[in-house]
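**Q** Construct all of the structure, not just a fragment, from the sequences and the given hints.
Chains S and C are the protein sequences, given in the same order. 1 is the number of the first residue of the first sequence in full-length UniProt numbering; add one for each residue after it. 1 is the number of the first residue of the second sequence in full-length UniProt numbering; add one for each residue after it.
In case anyone wonders, no lab produced these hints; they're calculated from the structure. Predicted, not measured: the structure shown is a model, and the values here were computed from it. Be aware that one or more of the hints could be misleading.
Below, a list of computed lysine to any residue pairs in the SDA-like style, where the Cα atoms sit at most 25 Å apart [to be verified]:
1) C:K97 with S:I55
2) C:K67 with S:R59
3) S:K147 with C:K97
4) C:K213 with C:E112
Every beta carbon over 10 Å from chain S, so not counted as near; a handful from chain C, in silico [said to hold, decoys possible]:
5) Y29
6) T128
7) N191
8) W344
Which residues of chain C face chain S? A partial, calculated answer using Cβ under 8 Å [claimed, not checked]:
9) A20
10) L21
11) N24
12) G28
13) L30
14) E31
15) A32
16) I33
17) R35
18) G36
19) A39
20) T43
Backbone N, C-alpha and C fix where the C-beta goes; we use that ideal spot for every residue, glycine too.
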Amino acid sequence: MSGAAIHASSWAAALVRISPYTFSAIGIAISIGVSVLGAAWGIYITGSSLIGAAIEAPRITSKNLISVIFCEAVAIYGVIVAIILQTKLESVPSSKMYDAESLRAGYAIFASGIIVGFANLVCGLCVGIIGSSCALSDAQNSTLFVKILVIEIFGSALGLFGVIVGIIMSAQATWPTK
Amino acid sequence: MIFFLAIASISERNMYGFEALTFNIHGGYLEAIVRGHRAGLLTTADYNNLCQCENLDDIKMHLSATKYGSYLQNEPSPLHTTTIVEKCTLKLVDDYKHMLCQATEPMSTFLEYIRYGHMIDNVVLIVTGTLHERDVQELLEKCHPLGMFDSIATLVVAQNMRELYRLVLVDTPLAPYFSECLTSEDLDDMNIEIMRNTLYKAYLEDFYKFCQKLGGATSEIMSDLLAFEADRRAVNITINSIGTELTREDRKKLYSNFGLLYPYGHEELAICEDIDQVRGVMEKYPPYQAIFSKMSYGESQMLDKAFYEEEVRRLCLAFEQQFHYAVFFAYMRLREQEIRNLMWISECVAQNQKSRIHDSVVYMF
Chain S
1 MSGAAIHASS WAAALVRISP YTFSAIGIAI SIGVSVLGAA WGIYITGSSL
51 IGAAIEAPRI TSKNLISVIF CEAVAIYGVI VAIILQTKLE SVPSSKMYDA
101 ESLRAGYAIF ASGIIVGFAN LVCGLCVGII GSSCALSDAQ NSTLFVKILV
151 IEIFGSALGL FGVIVGIIMS AQATWPTK
Chain C
1 MIFFLAIASI SERNMYGFEA LTFNIHGGYL EAIVRGHRAG LLTTADYNNL
51 CQCENLDDIK MHLSATKYGS YLQNEPSPLH TTTIVEKCTL KLVDDYKHML
101 CQATEPMSTF LEYIRYGHMI DNVVLIVTGT LHERDVQELL EKCHPLGMFD
151 SIATLVVAQN MRELYRLVLV DTPLAPYFSE CLTSEDLDDM NIEIMRNTLY
201 KAYLEDFYKF CQKLGGATSE IMSDLLAFEA DRRAVNITIN SIGTELTRED
251 RKKLYSNFGL LYPYGHEELA ICEDIDQVRG VMEKYPPYQA IFSKMSYGES
301 QMLDKAFYEE EVRRLCLAFE QQFHYAVFFA YMRLREQEIR NLMWISECVA
351 QNQKSRIHDS VVYMF
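**A** Structure below.
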């Protein structure tokens with residue numbers, strides 16, 4: 001049981017008695033679920049503008065699929081991290097399930113999942129909105145495409161930051177040995 | 001979580017800046033289409049080519065390279081200017097109808113609002129024409145296609161305003177604008193003009209309130225555009241009613257209750273008796289001072305063109321932002337201006353007055 005004296009019926013005691021596996025599972029779910037939400041959101045924002053703009057300017061379709069691919073990459077980051085996180089789950093004997101070290105491992109996986117999920121959510125949104133503007137500008141003036149693509153590349157780096165920090169977090173998810 | 005709160009806050013009334021998150025669900029495709037149409041508007045180079053034309057067939061040939069090509073190609077050779085204008089208006093109507101049938105609420109209501117101005121013009125056209133005993137069919141052909149509604153032909157039967165309302169207009173979207181107009185007076189030229197302006201005033205106020213309700217970038221940009229429209233109409237009403245029997249109170253009742261000139265500018269405009277006094281009033285407002293300073297004293301012919309140029313400038317600026325409805329309004333207005341330009345150019349060319357072409361063409365891009 002953890003060091004500080006926790007009264008048996010306080011909220012702190014209740015939180016500490018939630019199984020670390022719950023936290024881990026939720027973290028993994030959020031990592032993939034919210035990333036895909038961000039990717040899907042971004043793709044529909046870009047896609048609807050791209051379809052409409054391509055009616056008058058059909059030449060833009062092939063180049064502007066890059067925006068959709070950047071959004072898709074965000075979902076892939078979420079899948080990769082979810083797979084990594086689920087390999088970190090180990091069985092722990094029930095006597096050690098509420099040890100400090102188990103809780104730490106559980107929280108680490110949870111945090112990693114949240115980091116990746118929400119970073120990818122906003123990254124997907126960002127890339128999607130820029131992709132929509134990129135399609136519309138390209139339809140009017142084709143010299144603008146490459147310049148706006150640079151903005152998109154910076155936007156997609158945000159998801160990458162989330163993945164890096166998430167993987168570092170999950171590296172310390174060491175469960176107590178038997 | 002956070003994103004649910006975000007979606008909840010932007011779904012009803014758009015927080016300015018976050019419309020990008022949900023606008024494209026219903027409006028993304030149509031906004032992209034309207035921007036595609038905007039790319040097809042005639043540029044200065046096109047207008048220069050058209051101004052060099054010798055006759056209307058040359059104009060038809062130049063227009064066949066633009067988006068109007070498919071509308072004009074089947075016209076037989078002795079062209080009239082009215083045919084050119086009619087076919088170009090047909091393109092505008094086709095674009096509008098295509099967008100309207102794809103739109104969902106609230107964009108469909110917004111697009112419907114754009115038509116009401118034309119409906120008012122059509123109603124006044126038919127009533128005036130009936131007063132001067134013109135043929136119904138001829139009048140119906142002259143009506144703007146965007147402003148047609150089912151029972152428009154029965155307008156010829158009405159004898160006074162109350163009948164006009166009761167027989168025809170109560171079933172149209174113009175019904176709520178009539179509450180200030182309902183008198184039993186007979187229809188004559190003066191009353192019809194007052195009716196037109198009263199209806200238009202009610203329409204502009206209604207449109208303004210609707211845009212305010214939409215919130216976000218739509219309300220900001222549309223407020224600016226509608227305020228300019230209201231102010232321009234106030235100035236035109238003032239100038240046109242100088243020297244007529246319209247009293248000051250009646251004149252003041254025709255001004256809309258929003259815009260840069262409301263309420264103090266309206267007080268001053270209501271008592272103006274000639275154009276120089278109007279100029280004195282308008283020069284107190286910086287945006288309009290620029291317009292009035294371009295004209296020399298005592299000259300009012302260039303005022304129309306100056307107002308059109310300012311309107312076109314503001315409409316083009318509406319395209320600078322994404323994810324709002326004002327681009328649709330701006331596109332419709334720019335097309336109408338382009339059709340006015342084409343009509344002027346065609347008339348000048350047909351009547352061999354090419355020196356006067358540049359008097360009235362408003363260049364856009």
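**Q** Against this structure, judge whether each hint is valid.
**A** These are the hints, each one checked on the structure:
1. C:K97 with S:I55: 17 Å, holds
2. C:K67 with S:R59: 18 Å, holds
3. S:K147 with C:K97: 35 Å, violated
4. C:K213 with C:E112: Judged against 25 Å, a Cα distance of about 16 Å means the pair holds.
5. Y29: Per Cβ check, Y29 of chain C is inside 10 Å of chain S; nearest 4 Å; violated.
6. T128: 40 Å, holds
7. N191: 46 Å, holds
8. W344: 27 Å, holds
9. A20: 5 Å, holds
10. L21: Constraint on L21 of chain C satisfied, holds at 7 Å.
11. N24: 5 Å, holds
12. G28: 3 Å, holds
13. L30: 7 Å, holds
14. E31: 7 Å, holds
15. A32: 3 Å, holds
16. I33: Where the cut-off is 8 Å and the nearest Cβ of chain S is about 5 Å from I33 of chain C, the hint holds.
17. R35: At 5 Å from the nearest chain S Cβ, R35 of chain C passes the 8 Å test, so the hint holds.
18. G36: Holds. Min distance 3 Å.
19. A39: Holds. Min distance 5 Å.
20. T43: Cβ of T43 of chain C sits 12 Å from chain S, so the hint is violated.
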